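Undergrad: Full structure from sequences and hints, please.
If you read the sequences in order, they're chains A and B.
Sequence positions in the first sequence follow my numbering and run 3 to 249.
Sequence positions in the second sequence follow my numbering and run 2 to 304.
Calculated directly from the structure, the hints in this document are not laboratory data.
Honestly, I wouldn't trust all of these hints.
Distance condition first, Cα-Cα at most 20 Å in a straight line; then the derived EDC-like pairs of lysine to aspartate or glutamate [unchecked claim]:
{"id": "1", "chain 1": "A", "residue 1": "K4", "chain 2": "A", "residue 2": "E175"}
{"id": "2", "chain 1": "A", "residue 1": "K66", "chain 2": "B", "residue 2": "D216"}
{"id": "3", "chain 1": "A", "residue 1": "K44", "chain 2": "B", "residue 2": "D222"}
{"id": "4", "chain 1": "B", "residue 1": "K227", "chain 2": "A", "residue 2": "E61"}
{"id": "5", "chain 1": "A", "residue 1": "K148", "chain 2": "A", "residue 2": "D97"}
{"id": "6", "chain 1": "B", "residue 1": "K227", "chain 2": "A", "residue 2": "D78"}
{"id": "7", "chain 1": "B", "residue 1": "K131", "chain 2": "A", "residue 2": "D78"}
{"id": "8", "chain 1": "A", "residue 1": "K148", "chain 2": "A", "residue 2": "D168"}
{"id": "9", "chain 1": "A", "residue 1": "K234", "chain 2": "A", "residue 2": "D244"}
{"id": "10", "chain 1": "B", "residue 1": "K131", "chain 2": "A", "residue 2": "D244"}
{"id": "11", "chain 1": "A", "residue 1": "K93", "chain 2": "A", "residue 2": "D139"}
{"id": "12", "chain 1": "B", "residue 1": "K68", "chain 2": "A", "residue 2": "D97"}
{"id": "13", "chain 1": "A", "residue 1": "K148", "chain 2": "A", "residue 2": "D171"}
{"id": "14", "chain 1": "A", "residue 1": "K4", "chain 2": "A", "residue 2": "E95"}
{"id": "15", "chain 1": "B", "residue 1": "K68", "chain 2": "A", "residue 2": "E127"}
{"id": "16", "chain 1": "A", "residue 1": "K148", "chain 2": "A", "residue 2": "E175"}
{"id": "17", "chain 1": "A", "residue 1": "K4", "chain 2": "A", "residue 2": "D97"}
{"id": "18", "chain 1": "B", "residue 1": "K227", "chain 2": "A", "residue 2": "E40"}
{"id": "19", "chain 1": "B", "residue 1": "K237", "chain 2": "B", "residue 2": "D222"}
{"id": "20", "chain 1": "A", "residue 1": "K4", "chain 2": "A", "residue 2": "E127"}
{"id": "21", "chain 1": "A", "residue 1": "K93", "chain 2": "A", "residue 2": "D168"}
{"id": "22", "chain 1": "A", "residue 1": "K93", "chain 2": "A", "residue 2": "D79"}
{"id": "23", "chain 1": "A", "residue 1": "K106", "chain 2": "A", "residue 2": "E95"}
{"id": "24", "chain 1": "B", "residue 1": "K131", "chain 2": "A", "residue 2": "D79"}
{"id": "25", "chain 1": "A", "residue 1": "K66", "chain 2": "A", "residue 2": "E205"}
{"id": "26", "chain 1": "B", "residue 1": "K227", "chain 2": "A", "residue 2": "D244"}
{"id": "27", "chain 1": "A", "residue 1": "K93", "chain 2": "A", "residue 2": "D170"}
{"id": "28", "chain 1": "A", "residue 1": "K106", "chain 2": "A", "residue 2": "E127"}
{"id": "29", "chain 1": "A", "residue 1": "K4", "chain 2": "A", "residue 2": "E182"}
Chain A residues, not near chain B, derived (Cβ > 10 Å throughout) [unchecked claim]:
{"id": "30", "residue": "V15"}
{"id": "31", "residue": "P35"}
{"id": "32", "residue": "D78"}
{"id": "33", "residue": "E149"}
{"id": "34", "residue": "N195"}
{"id": "35", "residue": "R206"}
{"id": "36", "residue": "D244"}
{"id": "37", "residue": "S245"}
Bear in mind the structure is a predicted one, so any value in this text is a computation, not a measurement.
Note that the Cβ used here is the ideal one computed from N, Cα and C, for glycine as well.
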Amino acid sequence: MKLGLVIDLDTCVGCHACAVACKQWNTSGTTGPLSDYEPYGKEPSGVWFNRIRHYEVDEYPHNKTINTPMSCMHCDDAACVTVCPTGASYKREEDGIVLVDQSKCMGCNLCAWACPYGARELDQEQGVMKKCTLCVDRIYDVNLPKEDRQPACVLTCPTSARFFGDFDDPNSEVSTLVRERGGYAMMPEVGYNPVNKYLPPRERPTAPQATKTAETNGSADASTKTQSLLGKWLQKQKSAFDSLGER
Amino acid sequence: MHPAPSVIIFTVTAGAGYGLLFWLALSRLAGLTPTISNGQFIAVGIIGLILVTVGLLSSTLHLANPKNAWRSFMRFRTSWLSREAVFAVLFYPLALLWLLLSGNAFLSLLVAALCIVILVCTAMIYASLKTIRQWNNALTPVNFVLLGLSAGAALFTLITLIQGVYTPRVLALTIAVIAAAAFSKLLYFSWIGQPAGPTINTALGFTRATVQLLDVGHSSDTFLTKEFGYEVARAKIIWARVIAIVVGFVLPLVFLTGLLGTPGIAHAALASLMVLAGVFVERWLFFAEARHVVTLYHGQQRT
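TA: If you want it as structure tokens, here you go:
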């Protein structure tokens, strides 16, 4: 079994609900608490297993906002595990979940240095490294109804942009989504073979935009005012040429 | 990367200590200081061990949970940090036995080899990280070894001068190793100047368009921004490089090659101080110049 997440960048609206649900579940779960530093102070900070960042891809008028929730990718070749000197970091044989045994961690930060995705954060109050557990204390809980045995972030997502499943099963929802939607790994060149995959935004027609037609006859427009006579003449010829196709 | 003082002190002083012990062992093997007495030999050894111990103690200061430090011997097979810890601890009984047996030839060979092995292990902790291209190259271990040996050699020259057991061959080796360290460090600076590695585009998988950060998603510093988001002005980096090269390599070579008069104790003392100061600046730079790939997610276009 190779458990992991698929995150749909097409439908993610960047609301941070997954991060909040994660914090809520895990701070009271087996890996908790997720310490906060000065939560009511001027610069509140603390441990989070999931962080959402917002980017602008491409330039106007083709620009698009992309929201990227990122947590542990539960990499197949997880360097955070191999660099750990104490054996506190480990990857489970049975389902591939990468975990930290807090009772063994000495807080040297080396695993966080080895992680390209910023998935590991040191709990400065407890002095040990903490990270996404894929809600291991939830997904196997037989006391929960079957549909609730999923990570907190997946359950809470209001746009259903997050999927949880077994990547070793070619017919699972996550495998199918990756296959059909061109799911990809982030920063694959580092070579850790991250398990979590991201679905790119779908191709869709761009919304109609108000286009300003060049005003050719005399007055107005600052841009035409500053143009040279030759420029104006060329502009006129061009719009005349362009108008040939119009009715 | 955030330059933690404890780690800088650790790598510099322990490096100088292992360097000094390497030269002491080599001088035993190659007969560099034939007139050294048993007591003098042990004295140099103890100075070396003190430097190493101060360094190792400093290294534990950056641990957030030092009570588990003993567990760092557990993953020798995969972790360079574990390998370093194991060798560093194994070194003590071996070095003490070596000093007690007043430099038995076999043990001298073993001590010299182990000094290099430990320096390489320390460097590989950093060099093995694929996330930091400024560290993830072969020059990192070369630099760590040569800089440790430089500091050790300068100290060895000074101590043998004070003890009166100095021979010109010690000085010649010191000059050679400082020159080699200078060369490899200059090579390193030019190497890391080449653009390479992941960009914000590969980090997010949008490789056919520009990508820029709109919002990082948190309102104040996090563990990640504090640990990896260390930013230094370019001008400061350039100055630090000039200081590291001039103080760490050029001035010591000026003092030791006799350009300011035949090298005596004063020359060697100044040279030792300068090599150590230069390596401190170099080690600060080693961290300050390193750019972790996670900074791409925080808006850097490239590392």
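Undergrad: None of the hints should be skipped; say for each whether it holds.
TA: Structure-based check of each hint:
Between K4 of chain A and E175 of chain A the CA atoms are separated by roughly 13 Å; this keeps the pair inside 20 Å, and the hint holds. With a C-alpha separation of about 14 Å, the suggested pair K66 of chain A and D216 of chain B falls inside the 20 Å cut-off, and the hint holds. Of the pairs offered as hints, the one joining K44 of chain A and D222 of chain B holds, with about 11 Å between alpha carbons and a cut-off of 20 Å not exceeded. Only pairs whose Cα atoms come within 20 Å are accepted, and K227 of chain B paired with E61 of chain A is rejected, the gap being roughly 31 Å.
With a C-alpha separation of about 18 Å, the suggested pair K148 of chain A and D97 of chain A falls inside the 20 Å cut-off, and the hint holds. Straight-line distance between C-alpha atoms of K227 of chain B and D78 of chain A comes to about 28 Å, which puts the hinted pair past the 20 Å bound. Distance check on the hinted pair: K131 of chain B and D78 of chain A sit about 15 Å apart at the alpha-carbon level, within 20 Å; holds. Among the hinted pairs, K148 of chain A with D168 of chain A is consistent with the structure: their alpha-carbon atoms are about 15 Å apart, no more than 20 Å.
In summary, the hint linking K234 of chain A to D244 of chain A is supported, as the alpha carbons are separated by about 15 Å, within the 20 Å threshold. Annotation: proposed proximity of K131 of chain B to D244 of chain A is violated, straight-line Cα distance about 54 Å (limit 20 Å). Taking the CA atoms of K93 of chain A and D139 of chain A, the gap is near 16 Å; set against the 20 Å cutoff, the hint holds. Between K68 of chain B and D97 of chain A, the direct Cα distance comes to roughly 31 Å. Violation of the 20 Å bound is thereby established for this hinted pair.
Our distance criterion of 20 Å between C-alpha atoms is met by K148 of chain A and D171 of chain A, whose separation comes to about 19 Å. Proximity of K4 of chain A to E95 of chain A is assessed by CA-CA distance (about 9 Å); at most 20 Å being required, the pair is judged to hold. For a cut-off of 20 Å, the pair hint linking K68 of chain B to E127 of chain A stands: about 15 Å separates their Cα positions. For the suggested pair K148 of chain A and E175 of chain A, the alpha carbons sit about 16 Å apart, so the restraint of at most 20 Å is met.
A hinted pair counts as satisfied when its Cα atoms are at most 20 Å apart, and K4 of chain A with D97 of chain A qualifies at roughly 5 Å. Only pairs whose Cα atoms come within 20 Å are accepted, and K227 of chain B paired with E40 of chain A is accepted, the gap being roughly 16 Å. The suggested pairing of K237 of chain B with D222 of chain B is violated, with an alpha-carbon distance near 23 Å, which exceeds 20 Å. At most 20 Å may separate the alpha-carbon atoms for a hinted pair to count; K4 of chain A and E127 of chain A exceed this at roughly 32 Å.
For the proposed pair K93 of chain A and D168 of chain A, the alpha carbon gap of about 15 Å is at most 20 Å, so the pair holds. Taking the CA atoms of K93 of chain A and D79 of chain A, the gap is about 9 Å. The hint holds against a cut of 20 Å. This hinted pair checks out: K106 of chain A and E95 of chain A have alpha carbons roughly 19 Å apart, not beyond 20 Å. For the suggested pair K131 of chain B and D79 of chain A, the alpha carbons sit about 12 Å apart, so the restraint of at most 20 Å is met.
Simply put, K66 of chain A and E205 of chain A have alpha-carbon atoms about 12 Å apart, close enough for the 20 Å limit, and the pair holds. For the hint pairing K227 of chain B with D244 of chain A, the CA-to-CA distance comes to about 56 Å; that exceeds 20 Å, so the pair is violated. Among the hinted pairs, K93 of chain A with D170 of chain A is consistent with the structure: their alpha-carbon atoms are about 16 Å apart, no more than 20 Å. Among the hinted pairs, K106 of chain A with E127 of chain A is consistent with the structure: their alpha-carbon atoms are about 16 Å apart, no more than 20 Å.
With a C-alpha separation of about 19 Å, the suggested pair K4 of chain A and E182 of chain A falls inside the 20 Å cut-off, and the hint holds. With a closest Cβ-Cβ approach of about 13 Å to chain B, V15 of chain A is found to remain outside the 10 Å limit, as its non-interface label requires. With a least beta-carbon separation of about 15 Å from chain B, P35 of chain A lies farther than 10 Å from that chain, consistent with its non-interface assignment. The Cβ of D78 of chain A sits about 14 Å from the closest Cβ of chain B, beyond the 10 Å cut-off, so the non-interface label holds.
The Cβ of E149 of chain A lies farther than 10 Å from every Cβ of chain B, with a closest approach of about 29 Å, so its non-interface assignment holds. At roughly 12 Å from the closest C-beta of chain B, the C-beta of N195 of chain A stays outside 10 Å, upholding its exclusion from the interface. Its beta-carbon lying about 16 Å from the closest one in chain B, R206 of chain A satisfies the requirement of being farther than 10 Å from that chain. For D244 of chain A, the non-interface assignment is confirmed: its Cβ lies about 28 Å from the closest Cβ of chain B, beyond the 10 Å cut-off.
Against chain B, the non-interface label of S245 of chain A holds: every CB pair exceeds 10 Å, the least being about 32 Å.
Hints 4, 6, 10, 12, 19, 20, 26 from the earlier list are contradicted by this structure; the remaining hints agree with it.
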